Structure formats: C-alpha cells, structure tokens
Amino acid sequence: MSRAGMAPMTKVEVVVAGTDAPHVQELFTQAGVTGYTAVSNVSGLGHGGYHEGRLLFNDQSALSLLITVAPEEKLDALLAGLRTLFERRSGVMFVSDVYVSRPEYFRS
Amino acid sequence: MSRAGMAPMTKVEVVVAGTDAPHVQELFTQAGVTGYTAVSNVSGLGHGGYHEGRLLFNDQSALSLLITVAPEEKLDALLAGLRTLFERRSGVMFVSDVYVSRPEYFRS
Amino acid sequence: MSRAGMAPMTKVEVVVAGTDAPHVQELFTQAGVTGYTAVSNVSGLGHGGYHEGRLLFNDQSALSLLITVAPEEKLDALLAGLRTLFERRSGVMFVSDVYVSRPEYFRS
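Protein chains in written order, with the numbering used here: chain A, 1 to 108; chain B, 1001 to 1108; chain C, 2001 to 2108.
If we strip away everything but chain A, and leave its shape as in the complex, we get (with noise of 0.2 Å):
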C-alpha cells in the first residue's frame, strides 16, 4: 500500500493581492502551522466577487498563492482566522485532503 506510513492532513491554498500576502502569512504563523509554500507574481482574474459585489481582482494584477498543511488540530484557527481576513480583503481559498510523511513535523 503506497500510502503506508502517511498521514492524512489537509491542504489550504490562498490566492490574494500581493500586497496581502503578509497578512496571510501572520495568519498561517498564529493558527501555529509549521510551513508554507509562497508562488508570487501569479496573475488571475475573478473569482466572482467581495461581498460588496466588487471584482475580487482584475486580470495581471500581482496575486501571491499561498499552500500550506494542516492538521486537523490547527485547522478551525487557520480557517477562522482566513475567514475574517475575507471579510476585509479580497481573495479566495481552496481546502483539500493530502497526505503526508513525516507528520510530526506538522505538528510540532
């Protein structure tokens, strides 16, 4: 069984205006996850709407794409603390399942 030995964690990738991605990275720090992986300079258009209504982004502006695992232990913080900067500032986020080695060094 390829997975064997695995642990099951969960992937959440944000995609926000350049500008912000310190704030995302706070966010990461203070729901306590290990690591993050940051794509900058990613362009992109949309995703529908703030919720005035507004374009979320407009096509070739500078975004950052943020990923980062979690276990199942951190993720109401980080996704509550994700939540609230949404309210604010436009972006999307994506959560999916992964899995991992090494999972305790998601959790330290």
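The reader is advised that the hints may include incorrect statements.
Below 35 Å or equal to it, Euclidean Cα-Cα: the simulated DSBU-like pairs (lysine-lysine) are [to be verified]:
| no. | chain 1 | residue 1 | chain 2 | residue 2 |
| --- | --- | --- | --- | --- |
| 1 | C | Lys2011 | B | Lys1011 |
| 2 | A | Lys11 | B | Lys1011 |
| 3 | A | Lys11 | C | Lys2011 |
I should point out that these hints are in silico values taken from the structure, not numbers from a laboratory.
Small disclaimer: the values here were computed from a predicted structure and weren't measured.
Given the coordinates of chain A, work out where chains B and C should sit on it, guided by the hints.
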C-alpha cells in the same frame, strides 16, 4: 467541524504551453467559471505524448499552470472544452475535489 | 457524469531547495513517471524540521515546487525514492487524489 459552511467544488489544473494559456482562459470564460489563477514561466517535461506520439513538452519550455474551481453545473462544459483543446494542442489537466467558503462567488 | 472517461491517479507535490530540484527530477524519471511540472523561485518557511530538528527552510530561500502525477503501479517506487531523499535533504511532499483524462499518457 472545520469544513462546516464550506461547499464541495472541483478544482481543474491545466498545464499548457505559455502560448496556449490565452486559449485556456477563453475556455474557462466560455464555461462560465468566475475566476482563475495563472502561474506563468513554469517548466516541465513530458507527460508522455500527444495522440501521434510526439512529446508534449520539451524540458524547460515556457509553460503555464492555470487553476480554476468550478461548481458541478459548470464542470461538463469546462471539461468538454479542455478535451477538445487537447485534441489539437499539447497539455495535461488534473481534476480534484476541493472545498471553498463563499460558494456563491463560484456560481455567479 | 463529469468525470466519465477520467482515470484516478495520484498527484505528488514536492517542495525542496532549488538546488535539490534536479535530484527530484531524476527520482521522478527513475520511478518511470512520464512528466512533471516545476515552479521555481518559490519561497517558503518551515515545515518544522529535519530529523535533527534544524529548520527545513529559511524564509525567502529559493525553493522549487515540483508536481507530478503517477498511476498506482509507479507510486511505490516514486514515494520510496522521495523518502530516501528526505532522509538527507530538507523538503516536504504532499500526496493527493486526482483524475486525469487520457490516462495512457501517464502509463507509457
């Protein structure tokens, strides 16, 4: 429950030659997706070959990775458009399950 | 059914120091994967530590994100190679389920 209030959607990731990225963006729009993220200047090798057996990509060629998330009702049109593209152009697509908050932004 | 004709495969995402990316690409090739995508100049922090407890990455170090998709029959060799690499080198890998069209291109 961490995913309370989140809605299941489908993430579609497409890797194509950078010169074909505008075509993919157009397909996204035609399928009614409300947004996407594009990572340009990605490199890659392979994924096997196109139907005549030629290589999909050469190593280090300038590729684009385009990511979108769609609700079920837009998925058929989206995947049909991409399949038609891949009959003529090199590329791969990966389809996976994600959860999003604020699902209404993906349905507008 | 949107995913009719699509085949389940496994996506493996690896984040390593940019200088280790060629080693990962070599592991991919040895495991027989038919393609991969590489995003270079990614930044990152953490994911905890390596087995002596030192930090995996320092913030803003130049990392690479490598993405491949493999059928079940190639997965054991792929994950075994990566686990061996991570005994000596810093990095993380995330394993998840995806669906692909044209599965024959991932099996050649």
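Handout entry: Indices of hints not satisfied (ascending)
Key = none
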